[in-house]
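The whole structure should be built from the sequences, with the hints applied where relevant.
Each chain, written out:
Number of protein chains: 2
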Amino acid sequence: MTISSKYYPSEPAKPSVVTSSVPGPKGKEAIKELSNTFDSRPAYFVADYDKSLGNYIADVDGNTFLDLYAQIASIALGYNNPKLISLLDTKEMKNAIVNRAALGNFPSKELDSVLTKILKVAPKGQTHIWSGLSGADANELAFKAAFMYYMQKKRGGKDVPFTEEELASVMENKAPGSPKLAVLSFKKAFHGRLFASGSCTCSKPVHKLDFPSFDWPHAEFPYYQYPLESNEAANKKEDDRCLKIVEDLITSWEIPVAALLIEPIQSEGGDNHASKYFLQKLRDITLKHGVVYIIDEVQTGVGATGKMWCHEYADIQPPVDLVTFSKKFQSAGYFFHDPDFIPNEPYRQFNTWCGDPARMIVAGAIGEEIVSQDLLSHVNKVGEYLFGKLETLQSKYPKYFDRLRGKGRGTFIAWDLPTTELRNTLLSKLRLNGCNVGACAETSVRLRPTLTFGEKHVDIFIEILEKTVKELL
Amino acid sequence: MTISSKYYPSEPAKPSVVTSSVPGPKGKEAIKELSNTFDSRPAYFVADYDKSLGNYIADVDGNTFLDLYAQIASIALGYNNPKLISLLDTKEMKNAIVNRAALGNFPSKELDSVLTKILKVAPKGQTHIWSGLSGADANELAFKAAFMYYMQKKRGGKDVPFTEEELASVMENKAPGSPKLAVLSFKKAFHGRLFASGSCTCSKPVHKLDFPSFDWPHAEFPYYQYPLESNEAANKKEDDRCLKIVEDLITSWEIPVAALLIEPIQSEGGDNHASKYFLQKLRDITLKHGVVYIIDEVQTGVGATGKMWCHEYADIQPPVDLVTFSKKFQSAGYFFHDPDFIPNEPYRQFNTWCGDPARMIVAGAIGEEIVSQDLLSHVNKVGEYLFGKLETLQSKYPKYFDRLRGKGRGTFIAWDLPTTELRNTLLSKLRLNGCNVGACAETSVRLRPTLTFGEKHVDIFIEILEKTVKELL
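Top to bottom, those sequences are chains Z and X. Just so we're aligned: the first sequence equals residues 1 to 473 in this note's numbering. Just so we're aligned: the second sequence equals residues 1 to 473 in this note's numbering.
Because the hints were derived from the structure by calculation, they are not lab data. Treat the hints with caution; some may be incorrect.
Quick list of in silico lysine-lysine cross-link-like pairs, DSS-like style, CA-CA up to 30 Å [said to hold, decoys possible]:
id, chain 1, residue 1, chain 2, residue 2
1, X, K91, Z, K6
2, X, K120, Z, K51
3, Z, K154, X, K174
4, Z, K470, Z, K399
5, Z, K83, X, K91
6, X, K281, Z, K26
7, Z, K32, X, K94
8, X, K51, X, K94
9, Z, K32, X, K153
10, X, K51, Z, K83
Derived, one-sided and incomplete: chain Z residues facing chain X with beta-carbon distance under 10 Å [said to hold, decoys possible]:
id, residue
11, V46
12, D112
13, K124
14, H128
15, Q152
16, H207
17, Y397
Note that beta-carbon positions come from the ideal geometry of N, C-alpha and C, so glycine has one too.
This is the structure:
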């Protein structure tokens, strides 16, 4: 019995598109209506979540799509998962929704067990958690932890009190209380769209135009030749080129670089992978220069790459300092292991809610299912099967499957088309043919199915994909 | 039948403290245990939300407190409100929790009706909504709207395309694509703790130390003499002094001021009220200088002041541009009325989730209850009763009730003690005597009960408060 038939005995056998356009007439009408209250221009279609099940998403026009995008890579187990539905009947969820606690001041008696569940699937070496509300929020909270840690070291330890000058100047947004410090990120990175996270984001102008930003540096992210096996020397050279830029920026940027932030696979920016060598060398460089090393696993985390956390493939030693998460946990926050990342005083890392208990309960349940159902093995097996099928398509239609990447990374797979227009046409036609698939960067297709996506779904997808590619020829 | 007995027929008749300290032994143990996964130093006690009801919060030691703090001013209707509990049985909530949608790309068919419910109680003149996840997030999303609007005007309209220079420079975090623009806020303000919102926050160093910030200005917020009726001339003079500082900063700050952000009552900063005159004059100044006017109703909004939105007392004309909310809606976002605040292109104001549908459903239900149960009239009546009782205590113990404020502002009431230590002692002893009450600024007590707090609760509170004040004598 497959995972998906176990969770979803009534899952549709295949997609079904009954309208001649997506969205169809009802969807178009709903999007127009919604525009009176909400910016509905980005809507692909209007979903009917009651009718969605497992790996299939339904819309208001009666269409049912096989979903390989999964709410921008954020649905872990599938739609209407029975384990998650059962959470609605628990006292814990009732309390979380109805009696939303200010968890810092008035923690619930359930909080510890909820956090412990999440920590059971924490990245190796990470023992503590701080919760937030979105991926951007998680990253910015991690920045705060990094800045406090960096300044504490500079100051000489937890016991060194703030000076009068620090206490006064910070109220004017001036140094030394509010020091000039930078986070180094990478070109093509995506870390969120608030102001500090946005200063680290560097994939498309649309995310950033007209917003003031911090004067923070972006290093170059390695751009590999594929397949990796036959391009090792060139890719190692590319790693070294980029590592030199990283170290040069750390030593030369006029604002001290307190933290380095990287996605193990740049996702929004084009599914650009970082090698084990690159990620380990960044550890060496950050240690050498006293820079906090933050891994952004917002999109790569929680199983889609075949490991719980993608950077575990690199087995970085010693472990990185902070790891941020969101999306597939349907919750957000960061992990850390060094108690020195707990500020010297309470209320420095604090806010009213300190996370959302409802979302934390869901995250804990998702973690439990991943372990109890051994979903990582499943994802690896399905990913290998899927990648093999895509290699076959690549050999038949090389122009439409350039730089196929993600081998050995579960179902976290992408490839390039010759142009943005062709990529967009492919995705539109795929939807008309029954598959909901996402884009990244200018010309890439990214696959982000749920963790319950199985070999039967692969077969359906590959058949539709080939049919759709033929329509492009 | 009172509101609270209608919702909560089994609400406790009075508080009950059975331990000799708060937290008691079980709470202390739970806080210690929790410290292994979470920063539990700010915990007042560990709550038992199953046993909490209406205006009473229970803890794991078997204590039951009358709650005038309500999760840092964020519980609107009371604990275990039956209307909110009934939401758990709806398909909408099931979808929101289990099938968390990326609302921008894949809006649910329910989204429009959820937003419409919230908009039914929008501030006068505000017709649109954009949803976020916390008060800080709401403010930063509003900043983004303000910056885009400001630059669009400067650029000459929605149709003027971005220049090549803008598109290139923004990727380097440089002008003109990433322009230097400022948000003007006020000393003692609290607007959140992310980096841009944190640059506007100015109430305590602990919120800001060691974090880089934007070089944004803080004007002075009027500091009134009480009672207001007998200090009109002095307070008007204070308003004019501060208005001059605002206008001077707008015209002289070296970074252009794109937006002005203000709480109608600075809450965390000490329950500092802004007069109708002051808030209207800010409208005049912002219009004169082309500055976007943002009202932060994160703490003051959703009924506690006796109006749905506190700034409605000022009847500002024309209406302000953006109004942010969170806390008592248990959801977050901003309202606006001018379609020019919708960016010229989609995806400029965007993120994966675009808000939390579960929290939006709760917000809509809270709004409906406030209207259908006429909770604003209730809050005004109870607030007047409470204020009268406090005036009596003030006349008996003037030293412990300095600058009593919030008359005519529902239950949104505060006063000052002579020192921080006395204030903290009062609050600790109040908890031991059965009342959970919050602090703000250095020496203030702030009352933030739920909207169902009634005259019977006032009587209990006033009796315990007087008893506790006598312990201080």
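Checked hints:
1. X:K91 to Z:K6: 23 Å, holds
2. X:K120 to Z:K51: With Cα atoms ~29 Å apart, K120 of chain X and K51 of chain Z stay inside 30 Å; holds.
3. Z:K154 to X:K174: 29 Å, holds
4. Z:K470 to Z:K399: Answer holds: K470 of chain Z to K399 of chain Z is near 12 Å, not above 30 Å.
5. Z:K83 to X:K91: 16 Å, holds
6. X:K281 to Z:K26: 47 Å, violated
7. Z:K32 to X:K94: 25 Å, holds
8. X:K51 to X:K94: 24 Å, holds
9. Z:K32 to X:K153: Holds: K32 of chain Z and K153 of chain X sit about 26 Å apart, inside 30 Å.
10. X:K51 to Z:K83: Answer holds: K51 of chain X to K83 of chain Z is near 26 Å, not above 30 Å.
11. V46: 6 Å, holds
12. D112: 5 Å, holds
13. K124: 17 Å, violated
14. H128: 6 Å, holds
15. Q152: Holds, because the Cβ-Cβ distance from Q152 of chain Z to chain X comes to roughly 8 Å (cut-off 10 Å).
16. H207: 8 Å, holds
17. Y397: 27 Å, violated
Violated hints, in rising order: 6, 13 and 17; the structure is consistent with all others.
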